[in-house]
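Since the structure of chain A is already known, use the hints to place chain B on it.
These protein sequence lines are chains A and B, in that order. For the first sequence, our numbering assigns the number 374 to the initial residue and increments by one for each residue that follows. For the second sequence, our numbering assigns the number 5 to the initial residue and increments by one for each residue that follows.
Subject to a maximum C-alpha distance of 30 Å in a straight line, what follows is the list of computed BS3-like cross-link-like pairs (lysine-lysine):
#1 LYS326(B) with LYS488(A)
#2 LYS373(B) with LYS578(A)
#3 LYS385(A) with LYS388(B)
#4 LYS635(A) with LYS340(B)
#5 LYS306(B) with LYS360(B)
#6 LYS488(A) with LYS341(B)
#7 LYS578(A) with LYS398(B)
#8 LYS140(B) with LYS488(A)
#9 LYS340(B) with LYS385(A)
#10 LYS107(B) with LYS119(B)
#11 LYS554(A) with LYS329(B)
#12 LYS309(B) with LYS140(B)
#13 LYS447(B) with LYS329(B)
#14 LYS635(A) with LYS388(B)
#15 LYS488(A) with LYS306(B)
#16 LYS329(B) with LYS635(A)
#17 LYS270(B) with LYS329(B)
#18 LYS187(B) with LYS107(B)
#19 LYS372(B) with LYS418(B)
#20 LYS554(A) with LYS379(B)
#21 LYS473(B) with LYS418(B)
#22 LYS360(B) with LYS635(A)
#23 LYS554(A) with LYS383(B)
#24 LYS191(B) with LYS29(B)
#25 LYS578(A) with LYS418(B)
#26 LYS180(B) with LYS140(B)
#27 LYS257(B) with LYS309(B)
These are computed hints drawn from the structure, not numbers from a lab.
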Amino acid sequence: MDLKKYFQFIIKYNTVFIFLIMLVVSALVSDVFFTSANLFNLVRQVTPVGIISMGMLLVILTGGIDLSVGSVVAMVGVLCALLTQTISLPLAITASLACGLLVGSLSGYLVSVHKLAPFIATLALMSVVRGLGFIFSKGAPILVSENASVLTDFGSGSFLGFPNPAFVLVIIFAITVVILKYNVFGRIIIAIGSNEEAVRLSGIKVSAYKFIVYTIVGGLSAVAGIITTARTAVGSPVMGAGMELDVIATVVIGGASLSGGKGSAVYTLLGVLILGMIGNIMNLLNIPAYSQQVIKGMIIIFAVLLQRFQTDKK
Amino acid sequence: MNRVELRNISKSFGGIAALKNVTFKVIPGEIHALVGENGAGKSTLMKILSGAYTKDTGQIFIDDTEVQIRNTHDSRKLGIGIIYQEFSLVPDLLVAENIFLNKLGSTGFWMKWAKMNRKAEELINSIGFSINPFSKAGDLSIAEQQIVEIAKALSEEVRVLILDEPSAVLGSQEIKKLFDTLKRLKKEGVAIIYISHHLSEVFQIADRITVLKDGTSSGSLMASETDRNSVIKLMLGRSLDTMFPLRDSIIGKEVLKAVDISQEGKVTGVSLAVKEGEILGIAGLVGSGRSETVRAIFTADKLEKGRIFLSGKELQLRSPYKAVKMGIGMVPEDRKKHGVILSLSVKENISLTNFKEITDQFGFIKAKKESNNTKDLIKRLTIKVENEYQEVSKLSGGNQQKVALAKWLNRNCKVMIIDEPTRGVDIGAKVEIYNLINELSQKGVAIIVISSETSELMGICDRIIVMRKGEIQGELTKQEFSEEEILRLSLGLSENVAAGKSFPWMN
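For reference, chain A alone in the conformation it holds in the complex (with noise of 0.2 Å):
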């Protein structure tokens, strides 16, 4: 009977314990994961990421998804670095992130309007953005302006023995958690995840926050572009391939239900240092590319098993 009970906390609290387990067993096998250098590597690495799944949270939350985030954080890269070189820096940041919060609206607009489905409209900017980023930079990585090194300086340095970005991802953290728990956007966002309909039908704009939150995650995959482009001092149109399946695995790592109405940003972040986890020991392993790929993908697919078990169990 004891057994069972720890079984079923366990279960329930799955991320939490897959991230216990990540810890124990990188401290077991490496040395150097511990050290302040390799910690500050791995948070570093997973920031843009981290900042990505926050506004992919949302938009899971809602029952979609957004394919598009790599894309974006490739072309507002490029562009980011591209700008540096002919305006001022507040501008060229300005305008990147307006880039972002454009396709975003764009993704929002074709799903909400137009009713299209999520996973469709979003493969499709996927590959537009993703051309558009190898067009301005006419396929060559840019360098970002020595004039912008405020940027540069900002990818690359830290503070309090952290990385600067991760204070952004810290912020947005913070942000989304509170707007899930307290405000009434969060609360709306679960309920359309939850039944769509039913919101609708209680007077109740649906369309107008499924354009928003695909709106936000346009913005953040931007943030993310700007700041992989800081810490590089390189906006390349190859950056961020396959980040999409990346962000969203954390999310669902994190607990979250694929058809909406399920998910924390708490765990979601907890998913992330996860999968961060998983890439970092592979590497300080020595563990070649391609079989991290496998492995991670297993990994994924014993996390989400234990969720299943969950709520098979209801």
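Frame of chain A; chain B shown alone:
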């Protein structure tokens, strides 16, 4: 010999006993009605028999041999067929595919379309209906879906047939055909268990009646040896004096006027008006365009043609958002799909219609205010809940309906449209809902009620419009109310037909 014997069955959900030592027997060739208020345990008992739930304690006997029913597969092998209250059809599959869904895997590699369709058609015809086996299940009306459900259950050799509220969505003619089928099956020796809230139906069809109350059996009676009032007494533990409240609200100025509403293929040129404090009923068979008319007024569906006036001013409605803003509220027909969000709490459901009251200018929810607001409504509607955080899916049908109503009481609407206010709701809750609707009208709200239960409309309305095939067939004032007249208008018959006893099943 008993075909089915459930002996001392108990079942709890999370510490709450749903069934306590229930014993229930059905003999072959018998129609045995199972009645009781919502939450009395009828559906739970039947789900144990059909393998959807497993019992905690007790024994199940089929033909006097003890059997183990662990899942629906076990029960199907024993010849137990069940037609659920919630439909289990796959909307994207064809009618024939749905009927033979259980066997699709075992017919070999190739689909035998011709054979399957022919058999599906035969089955549907044998219960007195004709539905194209090639149509998609999702395109059928709710009544037709119910027919397909029945055909599906009969597609296998059944020895025990369970029907859970089969008539809730059927019109009176369809019910008659259903009853003919049941009588035929009864002659063939099938044991039939019939769950219903409609006592008039129960007395028409059942041989024996078992009453469940609060998870225990309060007795089995031969239908011929008892009457409606005794059964109600057993169900409620008290007798029912008057179901309907006294109508004495002051009827004022016209509030809502809809002119020439037309929806392609569903509604043709319907005009209606409701006054302050008035309750207008809309009667008609399933598919007569009742729901479509009010959905068009509320713009739940796009209003294709027609004009809507509120207090004399024309509204340009494009979505429920605007309608609600202008003071129109609607409790939709399908409670579980549209009325409430099952996976959210009572509080979250109720707040959905009126966030302005409980949020600050940045949209942050004032938790205390929200809780108090919800608690007030729970108390006012006597919703039975543990607390305001309980998930709506855990409530009984009657309490879910009260939540759907509470949502709109939360907002001071000028017009309330209530589609099927008491479908699948037990008698106790019905009376409470009638009182509530009456109370609203006394406060000056203009109310439109749609119902398949004629007695309900006659009990609470001031005026009734009867619809047929998308058009208004007639309008009755309170003095003109009669079940025969409403039925005559909904069937579109001439007067002398209705005067005779052409509808023996109505009595």
